[in-house]
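Engineer: Sequence:
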Amino acid sequence: MLENNIEELPNGNLTMGKITSGFEFSCGIILSQDRRVTCWGSNSVVEIIEREFRNMPTVNIEAGETMFLGLTQMVISVSHSHGLSSQLSSSSLLAQQLSSSSSKSTLFVGFPFTSYASTLHGKQCRSQPDLVVYSKRVSGLEEALRIRRECELQGTTKFRRRPPLRRGKVSPRLPVPDHIPKPPYLSSNILPEISSEHQIHDAEGIAQMRAACELAARVLDYAGTLVRPSVTTDQIDKVVHEMITEAGAYPSPLGYGGFPKSVCTSVNECMCHGIPDSRQLQDGDIINIDVTVYLNGYHGDTSKTFLCGDVSGPLQRLVTVTEECMEKGIAVCKDGASFKKIGKRISEHAEKYGYGVVERFVGHGVGTVYHSQPIILHHRNESPGVMVEGQTFTIEPILTLGGIECNTWPDNWTTVTSDGSPAAQFEHTILITRTGAEILTKC
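In this text, residue positions in the sequence shown follow UniProt numbering: the first is 1, and each later residue adds one.
Derived by calculation from the structure, the hints in this document are not laboratory data.
Keep in mind the model is a prediction, meaning the values are calculated, not measured.
Where is the CB? At the ideal position from N, CA and C, for every residue including glycine.
Treat the hints with care, since some could be wrong.
Claimed, not checked - Listed next, the in silico BS3-like pairs over lysine-lysine satisfying Cα-Cα at most 30 Å (straight line):
1. Lys-182 <-> Lys-442
2. Lys-328 <-> Lys-238
3. Lys-182 <-> Lys-169
4. Lys-328 <-> Lys-352
5. Lys-182 <-> Lys-328
6. Lys-344 <-> Lys-442
7. Lys-340 <-> Lys-328
8. Lys-352 <-> Lys-341
9. Lys-182 <-> Lys-238
10. Lys-341 <-> Lys-442
11. Lys-340 <-> Lys-352
12. Lys-334 <-> Lys-442
13. Lys-334 <-> Lys-238
14. Lys-334 <-> Lys-352
Claimed, not checked - Cβ pair distances, simulated, as ranges:
15. Asp-283 <-> Ile-190: 33 to 43 Å
16. Asp-283 <-> Arg-434: 41 to 51 Å
17. Ser-196 <-> Gln-280: 36 to 46 Å
Sequences and hints are given; from them, build the entire structure.
Structural biologist: This is the structure:
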């Protein structure tokens, strides 16, 4: 007999229970006076839970849509203020479903509205040591999903956690020829605020945006060919710098809020804004290269995550799904479409694979100003506003293999995942048209 008890926890936490192969299962749920608890479970588990509570007139089960990983959301509530203590017994049907060797049934129990206590019991029915019971205090659904992914990854031979990222030596800032026009923010090392301006481009502005974005796309495409083990991100920066300046353009990141380099290079757990340095890329790394150019008074902005050498299957999948999320966000864009559709579509796709969508960093308007309105949220949101023909902005989701929380290094730029899990990002600048969106940075 194995028993794991969870004490009453503070609001906002969540616990996960999973049983596999040959075990009976029981779960007790106590609803507090707040009277609501949210659960996520596979359809078969939802059906059993609904049947368990069907004859209790004070209990209401609201089964929602299938949200992610094939799991359905339920909200269980009671109609009196004293709460309800109800035991889901280890009925033969529930035990059979959760203990079947062919079943991947999982039950998440969360409580954004209430505190509760839960007890998970695992009883071995056969002699084989197949028991997997996981129950831990965690914060938020993303964290529970991260733990589940960690458990799955640890069971594969192809995945191994990368050594923590360490900063190398940063070389001096590269010069830009005097004849190249400079963006106005170079007059100060203070990070500019996002402009409140909503730019709508005329035909001339669209032509200039196409030129800037086409150059950025070509530079990024070439930078990606440099990605291989033993190459330093500083070497990539030098090539990008030379390619941009030789085209008569200015590398937009250089000097923006004091940023010391011409490109951002974000490796492994670095979400974004990594500063190129002397660190050599390692076999199995992933690296996002973020290129922005300032050409004839207009910025073109794009990024892509590249694979370095022999990259593990889980990281390859993270990179692939991140690019798909960006593409799905772009697909909903057109004149008159609401901005919140972008975050909804990206989140729906990311959640199918259990990936976290970083909320701290956003897409933005781009044109004669580097960062302006509209702000593009990549997660579910209720932000107002609709797209207008002639707008140009970026869609640039960041997905992680773990939690979405982050820390910023003392350089005030390099931002890494708090739990050290890998992150991937893709970015395009798009133009809103009457019938859809034109990708300006597509090479």
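Engineer: With reference to the structure, classify each hint as holding or not holding.
Structural biologist: Here is how each hint holds up against the structure:
1. Restraint check: the Cα-Cα separation between Lys-182 and Lys-442 comes to about 25 Å, which is no more than 30 Å; the hinted pair holds.
2. Distance hint between Lys-328 and Lys-238 is unfulfilled; the C-alpha atoms sit about 33 Å from each other, more than 30 Å.
3. Proposed proximity of Lys-182 and Lys-169 is supported: the alpha carbons are some 27 Å apart, at most 30 Å.
4. Taken as a hint, the Lys-328 and Lys-352 pair is honoured in the structure, with Cα atoms around 13 Å apart against an allowance of 30 Å.
5. In summary, the hint linking Lys-182 to Lys-328 is not supported, as the alpha carbons are separated by about 35 Å, beyond the 30 Å threshold.
6. Only pairs whose Cα atoms come within 30 Å are accepted, and Lys-344 paired with Lys-442 is accepted, the gap being roughly 23 Å.
7. For a cut-off of 30 Å, the pair hint linking Lys-340 to Lys-328 stands: about 13 Å separates their Cα positions.
8. Between Lys-352 and Lys-341, the direct Cα distance comes to roughly 17 Å. Compliance with the 30 Å bound is thereby established for this hinted pair.
9. With a C-alpha separation of about 18 Å, the suggested pair Lys-182 and Lys-238 falls inside the 30 Å cut-off, and the hint holds.
10. Annotation: proposed proximity of Lys-341 to Lys-442 holds, straight-line Cα distance about 22 Å (limit 30 Å).
11. Between Lys-340 and Lys-352, the direct Cα distance comes to roughly 19 Å. Compliance with the 30 Å bound is thereby established for this hinted pair.
12. Taking the CA atoms of Lys-334 and Lys-442, the gap is about 17 Å. The hint holds against a cut of 30 Å.
13. In summary, the hint linking Lys-334 to Lys-238 is not supported, as the alpha carbons are separated by about 37 Å, beyond the 30 Å threshold.
14. Between Lys-334 and Lys-352 the alpha-carbon distance is near 25 Å, which keeps this suggested pair within the 30 Å criterion.
15. A C-beta distance of roughly 40 Å is found between Asp-283 and Ile-190, which places it inside the suggested range of 33 to 43 Å.
16. Distance hint check: the CB atoms of Asp-283 and Arg-434 are about 47 Å apart, consistent with the given range 41 to 51 Å.
17. Checked against the hint of 36 to 46 Å, the pair Ser-196 and Gln-280 passes, with Cβ atoms roughly 42 Å apart.
Hint compliance for this structure: hints 2, 5, 13 are not met, and every other hint is.
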